[in-house]
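S.K.: So the sequences go chain by chain: A and B.
So in the working numbering, spot 255 of the first sequence is number 255, and the numbers just go up one at a time.
So in the working numbering, spot 219 of the second sequence is number 219, and the numbers just go up one at a time.
Any given hint could turn out to be false.
Since the list gives no way to pick out one identical chain from another, each pair is judged satisfied if it fits inside one copy or across any two copies.
To be verified - 30 Å max Cα-Cα, derived DSSO-like pairs, lysine-lysine:
1) Lys307 / Lys260
2) Lys127 / Lys60
3) Lys127 / Lys292
4) Lys97 / Lys233
5) Lys234 / Lys97
6) Lys267 / Lys97
7) Lys292 / Lys97
8) Lys292 / Lys267
If you're looking for bench data, these hints aren't it; they were derived computationally from the structure.
Protein chains: 2
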Amino acid sequence: MHTPNQLQEVIENAVQNIQYAAHPQRLYEPIRYIMSLGGKRIRPVLTLMAAELFKGDIQKTMPAALAIETFHNFTLIHDDIMDNAPLRRGKQTVHEKWGVNNAILSGDVMMVEANKQLSMLDSAVLKDALNTFNATAQGVCEGQQLDMEFEEQEVVSIADYINMIRLKTAVLLGGAMKLGAQVAGASPDEAEQLYTFGENLGIAFQLQDDILDVYGDPEKFGKQVGGDIIANKKTLLLLKLKELATENDLQELEYQSVNKDHVDKIKNTTALYDDYNIRGLASIEMKKYSDKAFSALTSLNIAEERKTELFSLADQLMNREY
Amino acid sequence: MHTPNQLQEVIENAVQNIQYAAHPQRLYEPIRYIMSLGGKRIRPVLTLMAAELFKGDIQKTMPAALAIETFHNFTLIHDDIMDNAPLRRGKQTVHEKWGVNNAILSGDVMMVEANKQLSMLDSAVLKDALNTFNATAQGVCEGQQLDMEFEEQEVVSIADYINMIRLKTAVLLGGAMKLGAQVAGASPDEAEQLYTFGENLGIAFQLQDDILDVYGDPEKFGKQVGGDIIANKKTLLLLKLKELATENDLQELEYQSVNKDHVDKIKNTTALYDDYNIRGLASIEMKKYSDKAFSALTSLNIAEERKTELFSLADQLMNREY
Chain A
1 MHTPNQLQEV IENAVQNIQY AAHPQRLYEP IRYIMSLGGK RIRPVLTLMA
51 AELFKGDIQK TMPAALAIET FHNFTLIHDD IMDNAPLRRG KQTVHEKWGV
101 NNAILSGDVM MVEANKQLSM LDSAVLKDAL NTFNATAQGV CEGQQLDMEF
151 EEQEVVSIAD YINMIRLKTA VLLGGAMKLG AQVAGASPDE AEQLYTFGEN
201 LGIAFQLQDD ILDVYGDPEK FGKQVGGDII ANKKTLLLLK LKELATENDL
251 QELEYQSVNK DHVDKIKNTT ALYDDYNIRG LASIEMKKYS DKAFSALTSL
301 NIAEERKTEL FSLADQLMNR EY
Chain B
1 MHTPNQLQEV IENAVQNIQY AAHPQRLYEP IRYIMSLGGK RIRPVLTLMA
51 AELFKGDIQK TMPAALAIET FHNFTLIHDD IMDNAPLRRG KQTVHEKWGV
101 NNAILSGDVM MVEANKQLSM LDSAVLKDAL NTFNATAQGV CEGQQLDMEF
151 EEQEVVSIAD YINMIRLKTA VLLGGAMKLG AQVAGASPDE AEQLYTFGEN
201 LGIAFQLQDD ILDVYGDPEK FGKQVGGDII ANKKTLLLLK LKELATENDL
251 QELEYQSVNK DHVDKIKNTT ALYDDYNIRG LASIEMKKYS DKAFSALTSL
301 NIAEERKTEL FSLADQLMNR EY
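The shape of chain A in the complex, shown without the other chains (with noise of 0.2 Å):
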């Protein structure tokens, strides 16, 4: 069995050595842009890490792997279109880079190119990866379609805003391990243990992320703290928020979302959280879903030795400060 770190950078040798056609330039050149803007491969690793769990071979897996995480980079492409993202990484984005057509092309093929990915797995195991793959597929595309609607929508409940991000985010981290598990030989059971340990783990790491967008370290978080506070965007904390506080306090949020002093509105939104224990209660509802997560892992049955890397990787990213 091998680390997470071991397992990323087989993967990124294996990203590098992906061969795309040579022409039309202009089509796959955007591929190759995407898929070198490195990022931490959570996805693929996961559905190594799942195989590895049941012996699975690596290289035998490695085609399921890379179909995940091109179909993740793809969805990239297209939702920083529908964003109008400018950055992606700290670098231009795709669209950005080669105009918005090019983009709708690129990320179509590149939907191929993952689905030909996964044609290379085992025929004993094709369908079944097929089925998960496709339906994870859908669930993701449902995802930023329910995140798109919420963002024009005046009131979004939690669980409806729970679901979105299952959607968009978590099902795939549960199809990644769900894979994995079923090129390694899994039973049914097993790949659909790993689906909900992957499945909630990611709802999880969402909801710490709404999280540590207010009250990360600035030193360490990745993205701007208070990006979410500026942007009003529509997360755990401002769905809580709004549920509890009082008329006067509704107001002030309300004049604080057109509020153009950034840095007041992140002092005085965050202000609002703190009155009323947005931290404690949103770290609570996380909590439900990596306990369930964890849960899922330990009832499998497999030798505990063999789930120590997976557990110390989930215990990593529920506890992380960035």
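Chain A is already provided as a structure; the job is to place chain B on it using the hints.
M.R.: Here is chain B on its own, set in the frame of chain A:
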């Protein structure tokens, strides 16, 4: 064996019976919309006809036929965004009706729906089918990319143009047939021969389209006669004329390209085509590809009577006036 009309009806029914998820509504509504705009369903008909050549079962082949038709309609949604097209089959395009972001995302999830259809095929033929489908999808994306690039390019050779329409249009006809043959258990050689038939038929079909745009009967041709001329579209006819025209005639062509009086523009450009017998030359080029198609089907080693329907369909496509 069935006639193309019978198969079209079977497919129409199957398309109407595809169950898409209900929510998020705005994600799936565009799929139902574009899939119900109709059309001749020529690609899935070819898939089923190819299967019947090898005594394949229609219902067993249907997932492949529906995957092809779903994929084709997905490309229509994304192409219409890129081409900024307001209408598709006389109705509002998806991005006009639901907005660009929604059209991108509904297209994406349609690609997943196509893959879901395909994954319902028998495990025994799944890997070959995936390879054919993915190679086809990749080719179509490359064709669209080249089409966009050619619009910006000053000089496009006829060979490059034919390669572009091969990828953008013909590869999908070839892939549709190869897929049908593979699902029905044809040998690799037989499947490849049907691919050759479909691909060359597709090229001839598109060249025929270029000719009909100028010389079609306005009463019978589905689109506006002269539409390509108005749009200064680089068709086989225009590229051929540019190859042959004198300096003077090239100047006249240049002048016509900015002529705002469309009736006059069509009349004068067509006169230039007539001067160089472009219609005859284009027909010769077209015939090269239809001959290749017919010869691939002729040399296929199966009972002649099984080929009758396919020959007659191809004949009809090549001698259409609309």
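S.K.: Provide an ascending list of the numbers of those earlier hints which the structure does not satisfy.
M.R.: 1, 6, 7, 8
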